[in-house]
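*Asks:* Since the structure of chain A is provided, determine the placement of chains B, C, D, E and F with the ligands on it from the hints.
Protein chains in written order, with my numbering: chain A, 1 to 332; chain B, 1 to 332; chain C, 1 to 332; chain D, 1 to 93; chain E, 1 to 93; chain F, 1 to 93.
Take these hints with a grain of salt, some might be off.
[To be verified] Far from chain F, some chain C residues (derived; all Cβ distances over 10 Å): (1) Leu11; (2) Leu78; (3) Phe86; (4) Asp93; (5) His170; (6) Lys259; (7) Val313.
[Unchecked claim] Within a straight-line C-alpha distance of at most 20 Å, the following computed SDA-like cross-link-like pairs (lysine to any residue) qualify: (8) B:Lys28 / D:Ile17; (9) E:Lys2 / D:Ser88; (10) B:Lys233 / E:Arg37; (11) A:Lys28 / C:Glu120; (12) B:Lys150 / B:Asp64; (13) F:Lys22 / A:Arg231; (14) D:Lys22 / E:Arg37; (15) A:Lys59 / B:Leu11.
Please keep in mind that the hints were generated in silico from the structure rather than gathered at the bench. All figures in this text were calculated on a predicted structure; none of them were measured in a lab. Each residue gets a CB set at the ideal place from its N, CA and C atoms; glycine is no exception.
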Amino acid sequence: MEINPILQNVLAPPVLFFLIGAISIFFKSDLEIPAPLPKLFSLYLLLAIGFKGGIEIQKSGFTDQVLPTLGAAIMMSLIIPLIGFFILRYKFDVFNSAAIAAAYGSISAVTFISAESFLEGQSIDFDGFMVGALALMESPAIIVGLLLVKFAAPNNRPNSRKMHLSSILHESLLNGSVYLLLSSLIVGFLTAFSNPAAISKMEPFTGQLFYGAECFFLLDMGIVAAQRLPRLKNAGSYLIGFAIFMPLFNAFIGVFVAKLLSLGPGNALLFVVLCASASYLAVPAAMRMTVPEARSSYYISTTLGLTFPFNIVLGIPIYMSLVNKIIPLSPL
Amino acid sequence: MEINPILQNVLAPPVLFFLIGAISIFFKSDLEIPAPLPKLFSLYLLLAIGFKGGIEIQKSGFTDQVLPTLGAAIMMSLIIPLIGFFILRYKFDVFNSAAIAAAYGSISAVTFISAESFLEGQSIDFDGFMVGALALMESPAIIVGLLLVKFAAPNNRPNSRKMHLSSILHESLLNGSVYLLLSSLIVGFLTAFSNPAAISKMEPFTGQLFYGAECFFLLDMGIVAAQRLPRLKNAGSYLIGFAIFMPLFNAFIGVFVAKLLSLGPGNALLFVVLCASASYLAVPAAMRMTVPEARSSYYISTTLGLTFPFNIVLGIPIYMSLVNKIIPLSPL
Amino acid sequence: MEINPILQNVLAPPVLFFLIGAISIFFKSDLEIPAPLPKLFSLYLLLAIGFKGGIEIQKSGFTDQVLPTLGAAIMMSLIIPLIGFFILRYKFDVFNSAAIAAAYGSISAVTFISAESFLEGQSIDFDGFMVGALALMESPAIIVGLLLVKFAAPNNRPNSRKMHLSSILHESLLNGSVYLLLSSLIVGFLTAFSNPAAISKMEPFTGQLFYGAECFFLLDMGIVAAQRLPRLKNAGSYLIGFAIFMPLFNAFIGVFVAKLLSLGPGNALLFVVLCASASYLAVPAAMRMTVPEARSSYYISTTLGLTFPFNIVLGIPIYMSLVNKIIPLSPL
Amino acid sequence: MKRLDLIFSERELDAIINTLEKANVPGYTVMKHATGRGPERVVTEDMEFTGLGSNAHVIVFCEQELIDQMRDNIKADLSYYGGVAYISEATPL
Amino acid sequence: MKRLDLIFSERELDAIINTLEKANVPGYTVMKHATGRGPERVVTEDMEFTGLGSNAHVIVFCEQELIDQMRDNIKADLSYYGGVAYISEATPL
Amino acid sequence: MKRLDLIFSERELDAIINTLEKANVPGYTVMKHATGRGPERVVTEDMEFTGLGSNAHVIVFCEQELIDQMRDNIKADLSYYGGVAYISEATPL
Ligand SMILES: Nc1ncnc2c1ncn2[C@@H]1O[C@H](COP(=O)(O)O)[C@@H](O)[C@H]1O
Ligand SMILES: Nc1ncnc2c1ncn2[C@@H]1O[C@H](COP(=O)(O)O)[C@@H](O)[C@H]1O
Ligand SMILES: Nc1ncnc2c1ncn2[C@@H]1O[C@H](COP(=O)(O)O)[C@@H](O)[C@H]1O
Ligand code: NA
Ligand code: NA
Ligand code: NA
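So that you can see chain A by itself, here it is in the shape it has in the complex (with noise of 0.2 Å):
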């Protein structure tokens, strides 16, 4: 009963793809995505993901869950990062733990699509402003690791590159996939509301061509993890293990806000898969920027070659029965 859903989840094409991707790396195959090939997914993913967002989220309306949820997700992607970052300094300088602790505090746009699909397949509903939830989280974990590398860091950074407030704001609501994110969401919700008729129009592109294209990006994100792999070696095995307990961890908390939000099991999970995915597409960019200190390959390794694979194979179906222990069924 445990190990079914694992299966499950494995045996959906996703996941599937993500395995052959990863798998042909081991082989040593010469298959390949060359750039900007994998640009372009990102790029539609994140369109339509906040397109579709932004209708759910104007046809919901702000229900009594709405605000709470949104609220919560703030917070977590506030806190997640500040107990990170304490973790990771026992080994780590300023830099490298701020920089590792806001990816883990921002989230995985394609973690959060896995676990819908999972949930399609489970049949259990879920609520369209979650993806309110996900565009929210990226910002302020950001926002977070700039301040700790501002406050905590040495003053012998060189003087030019003192972070103001605004070059920090700039970084986290301006980054690519940030603003694609979130404008992508302003436009689904405009449309959704002066311009019905539009939204079937966009149906093919944004909904049904989407799980096929999840497909054939996640078949080089197996490529890419797998590639980062083995540079986790490197890293010593206290990043290693933070970045199998860090999602862990930040699930376990998640579960229980979620709990105290009464949230139904389907937005449950996607609560927890937000609290314990992590950042490799806006927080390593922003931070490559803004922190060159960091080894980029720390928390991109990290991230990309351990955390994500784990998230997508073994943890979804993990944070499902977590949920359904947790979270009771309520009585329709």
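*Replies:* Then chains B, C, D, E and F with the ligands, alone, in the frame of chain A:
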């Protein structure tokens, strides 16, 4: 009443995505759609427009209205460059005047499909054969532009670059985007004629996907247009004024020609938009090769940085109200 | 009656787009599909063919006809390179003979899907398990080619390049396109088995989009093939003759094997097309790495510049009439 | 004339180009999508989709004095974000 | 041996390659998708979809005498369409 | 300091990078998607989708002695698969 259609146009997904592309530049977001992804969408749109247009032309046949409309379209694309040339010669040399004028005589396929989307949003009918007009208006303007250079240019052009009629025809008919549009049109026509079952097999690709792909491409166009805008400063106010005045002027002529042709409001709008739009694909590519004396930043920054956004955002609804005023609605 | 199916084949969109690609080169149009866009479509087609094939195989199960057909397919891809090798050895050294022969023993997936499109156009049934034959015919030909080099090559190859069985298997099974096709087939099989609901979620991507993507890719193939054609001049008339004779010869053997297998006309055509087509993906990539002594312009220009267009435009209808003559229609 | 080769993360491109423009170099060429390994960081094309970008390779043909003028600014950029700069001889055709 | 660096609009590529082939250079390398700024024109990758193309960077390793042979043809092409050409020293490994 | 330019088929990239890493070069830059013509083979970007790949252009700035160390390995790779290698002078900025 006048502001309503403009707002409605602005709130359609293609225009919204155009705007968020442009805004990303103003806010210095690092959102980027790397080459050659925009080329993918531009090739796709030309192929799909041509293919669907060819089918429509085959279906509708060459009715009374078709040939006069196509003839008038060709005529407009011969006359507009001449008018533009004389307006521009006040301030620019022969090379720049001819190149810019040719761009305004030719058309922008994306402006055309934005007008189609606008009409669909307003539930106004239009005919598929208008794509024929689109296809036929690209080349004549290039020919006029090159002939103007051939005959009006000073005699000191390097000998080896004397323009022969054959090379003028080559540039105007075999330019990549002209060729793809025309030949896809022929493929569509032949398919509808000999193989109608294949139409529905193409439909998901050329039909259903179209609107979403248009949005994605317009996101990129917003980025490119906003990057181009500041360069207009160097071009001077005369050219900036030209980039707004010329489409309005051409639209004004266009609407009277449309009236003479007794086009319905949908076809009339498309005709007017063809007159008012300026080319940033075929003409610049041709001029870059054959008239290197002209500064490409002039003819690209005007068409792409000003005329294109103007048409997409404000022009189309303005032209629609122009059409509604000048062309009285005939009873059904 | 003989010319009719050829004309009908030529007037199908995929072939028409192939032709306009080729014509663009003859007319020196600057139409270009820049890298890596063709790779996107080639990856997509392999993934979609494999996925759909895996589903079909799972659905149909291993009926009476399946195993003998797959066995015969493997046998053909072992025998054809041997025959080809002896024909080529009259004029070429061991390296070139083995490389070219391997290409003709292997298959072209795009020729295969063109044949499927042809059958659909003619409303002739065929079975999904034929994709299994496609997948199984790629590797054996590579193995035979490399074994020919291993045993027939002069002894003076550099030591470090001695071909071990392991590296032969690696090149033949883990080549990017072989791997993607085979693993997508497995994904399709597992999905149909454990997760049938996911099939319809993939359908818009792998199914509906397929025909249009095929057309787009064939547009590029037309460009590439026409660019390759002139290079055949250097290859000499023996090789040019081989590139036309060999597919016809292989088709001829293939049709009798298909008769022995009692395949229906649809499956028979696909079987014949697999025999007659030559690889321009997996085999050249493998040979380039393992037999650099062979001139890649030989094995690519023949397969891509001549055999592929021949099969697409003329071959398929010719093979169909061959099938219809040799294999009498069994009563339903 | 000299040839200046600059290789650094694409994300620095705007800063470097600003420096070049301010020094009024006669021109420059930018090649994006370069990958590589420097003493500290590894960059591969595979990560491009993450927005990390890959490297840019900038070539400038110009006089030595222009290079001297830009030296400090370029070095500051490169020392912060990483990257390398080398000068060699070049003669116009 | 010399190294010849040519940078110019992709649209000229055929003409330049013709010149190289006619001079029987031992080989050449072409890198497309280069962007940059020259004294007159600005080229960015963003415009690639318009068919304007970006720049090509061509490297030729060859003897000085071959360069002398091609000089006039290359200069003619570059002076018409724009682009730059520089020579430097290079030794085979 | 020296500048080493290596141009060869992308398929050899792993082998060459192994050689560079083993010699502990201070860094290197890789530009893929290069095309060109050598004395034997023609490579065009159009063939990239076949998996044949195009060429890679690798630039290494390093000391002469490192080059001497790697010479034999690099030459062996290039002589088997094709490709060229040239050395020129370069001074750090
Ligand atoms: N010695 C070198 N030779 C060639 N390229 C280098 C060298 N060192 C660094 N690079 C390039 O410069 C980039 C940044 O280097 P780094 O500053 O060490 O992070 C690397 O990714 C390489 O592309
Ligand atoms: N001084 C220079 N250094 C490097 N590249 C240059 C230089 N001048 C021009 N270029 C390149 O050559 C292209 C054409 O230059 P132009 O002939 O000035 O239009 C530019 O876009 C640059 O890529
Ligand atoms: N003389 C040369 N100058 C510049 N690049 C060359 C030269 N010779 C060969 N190449 C490059 O090296 C690649 C492999 O050459 P080859 O070993 O002759 O097959 C060619 O495709 C070119 O990109
Ligand atoms: Na998180
Ligand atoms: Na016009
Ligand atoms: Na075959």
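*Asks:* For which of the previously enumerated hints does the structure constitute a violation, in increasing order of number?
*Replies:* Per hint list: 11, 12 violated.
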